[in-house]
Amino acid sequence: MKDENSIKPSALKQQETAFSVSSDQWWTEGKVKSTTPKKNQAFLIKFGIVVILMVIIILIALISSTTNKKSTDHDPFKMDLAQEEVGQQELTLLQQQIKDLRQQLNDADPTIKDSPFPNLDLEITIDQPQKR
Amino acid sequence: MRKTQINYLFRTIIFSFFVVVASTHQVLVHAQEIDSAQQDYSLLELSEEVGEESFSPSQMKEYGVQKQRLATEIVDLKRQLLSRLNQYEKDEKQYRIAIDQYRSLQTLNSIEEAIAVTKRAMLSRNEVLEIYQNLLRLQLIDAQGIELSHKRQALSQLEENRELLAEFKNKVEQTNDRNDVNNLAIEFTPLGAQIHETSYYALGIMAIGRLQSTYDQAMVISQRVTSAQQETTDQTNEAKIKRSLKEIEKLLEQMPPKFESTWMKVNESISRRGNTTYHSLYQTLNKNLMPIYTDLSKIISYFEEIEQVR
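Chains A and B, in that order, give the protein sequences.
Going by this note's numbering, the residue at position 114 of the first sequence is 114; the numbering climbs one at a time, nothing skipped.
Going by this note's numbering, the residue at position 206 of the second sequence is 206; the numbering climbs one at a time, nothing skipped.
Treat the hints as calculated values from the structure; they're not laboratory data.
Heads up, some of the hints might be wrong.
Claimed, not checked - Straight-line distance between alpha carbons at most 25 angstroms, and here's what the computed DMTMM-like set of lysine to aspartate or glutamate pairs gives:
| no. | chain 1 | residue 1 | chain 2 | residue 2 |
| --- | --- | --- | --- | --- |
| 1 | A | K99 | B | D295 |
| 2 | B | K61 | A | D121 |
| 3 | B | K242 | B | E260 |
| 4 | B | K90 | A | D121 |
| 5 | B | K258 | B | E147 |
| 6 | A | K113 | B | E127 |
| 7 | B | K67 | A | D121 |
| 8 | B | K258 | B | D142 |
| 9 | A | K113 | B | D76 |
| 10 | B | K265 | B | D295 |
| 11 | B | K171 | A | E123 |
| 12 | B | K90 | B | D180 |
| 13 | B | K287 | B | E260 |
| 14 | B | K169 | A | E123 |
| 15 | B | K250 | B | D295 |
What the hints assert, rightly or not - Counterexamples of contact, computed for chain B against chain A with all Cβ distances above 10 angstroms:
| no. | residue |
| --- | --- |
| 16 | Y8 |
| 17 | N176 |
| 18 | R224 |
| 19 | R272 |
In this text, a Cβ means the ideal position worked out from N, Cα and C, and glycines have one as well.
Please model the entire structure based on the sequences and the hints provided.
Okay, here's the thing in structure tokens:
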């Protein structure tokens, strides 16, 4: 008795060839198909990097603006009050004012040259004779 | 086709983003500069009002905040000036070497090198002068005890110098020819002299202003010392304290004519420009200011003695 479900050797061979052909086709087709998504992916990665860079730049700008503001936002009066409090522990207000006046006079000493004119050559040239 | 369109769109987005960022930055920097300049001048106006004693507590607070900001800017500019001076010294050294080589070798290469190095030294000097003029401008705005007419005149001259320096910088940047560089050097001579003179004018009036301001303060403290002594002195010391206060009063009364004669000298040098320079005025001013300084020191020593300040 012959089993009806059994596959004939010739048919099996045909099936094998068919499979090998289709797998080759799949491989080459897949390869072609996969290049388009890969290009899209590269584009998306590029776009993503640019977006991240933009966000970083904006963040840096925000951080720097807030830190700049902070550096100028301190209250000089609080500092003055704190200094006065320290001074008052030892000196009266009038004594402190006299001390400050002495400091002010020391700063006004005419022999002290604050920010003098910088020592520069005002005659920089190529062909004229140098006076230095 | 679609892909190229997307690419084109993508590039346009990136380009426009950078344009927006750059222009925003420029606008912000410009706005900050304008704001800073306006604040400087509002401080000048405020200080005038404070000087006239017609200020409200809010104005006083604003004045204090602006003064603090100005002090920070001055410190920052001093730092910038030091660093630029270091750079200038390096550039000047290179300039001298290149010029020596050019004069001894006279080759095409040495000419090229001389042009490049001279331009660099000129630009470096320009930068130092720009910062220095700005520093003097801020110090002048911050200064007290200066006659307003002098303050305003010096400020406008400093502003003018800064503009002329900016113009000169542009010219140097655009020049690449040896003769043009030589012509620029000739062009700079009167500008350099003007900057030199204005700087000494500003330094001179600031030196007087510092002592004038100390004197004004000494007048206020003298009144406070007098009233404090009247409240606390017993009868045994009364005569002694009265004599001391009289001594202080006498010294204080001697001061105004000395200041007047010093300001007169500044006025004279303005009207006699050409014969005397502000540099020589600045040097002679020191001789005039020393007696004022000594008298003020004596007055403060008396205060310290009466109030027992150590």
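Checked hints:
no. : hint             : verdict
1   : A:K99 to B:D295  : holds (17 angstroms)
2   : B:K61 to A:D121  : violated (44 angstroms)
3   : B:K242 to B:E260 : violated (29 angstroms)
4   : B:K90 to A:D121  : holds (13 angstroms)
5   : B:K258 to B:E147 : holds (15 angstroms)
6   : A:K113 to B:E127 : holds (22 angstroms)
7   : B:K67 to A:D121  : violated (34 angstroms)
8   : B:K258 to B:D142 : holds (24 angstroms)
9   : A:K113 to B:D76  : holds (19 angstroms)
10  : B:K265 to B:D295 : holds (20 angstroms)
11  : B:K171 to A:E123 : holds (16 angstroms)
12  : B:K90 to B:D180  : holds (24 angstroms)
13  : B:K287 to B:E260 : holds (15 angstroms)
14  : B:K169 to A:E123 : holds (15 angstroms)
15  : B:K250 to B:D295 : holds (11 angstroms)
16  : Y8               : holds (13 angstroms)
17  : N176             : holds (12 angstroms)
18  : R224             : violated (6 angstroms)
19  : R272             : holds (21 angstroms)
Checked against the numbered hints given earlier, the structure breaks hints 2, 3, 7 and 18 and satisfies all the rest.
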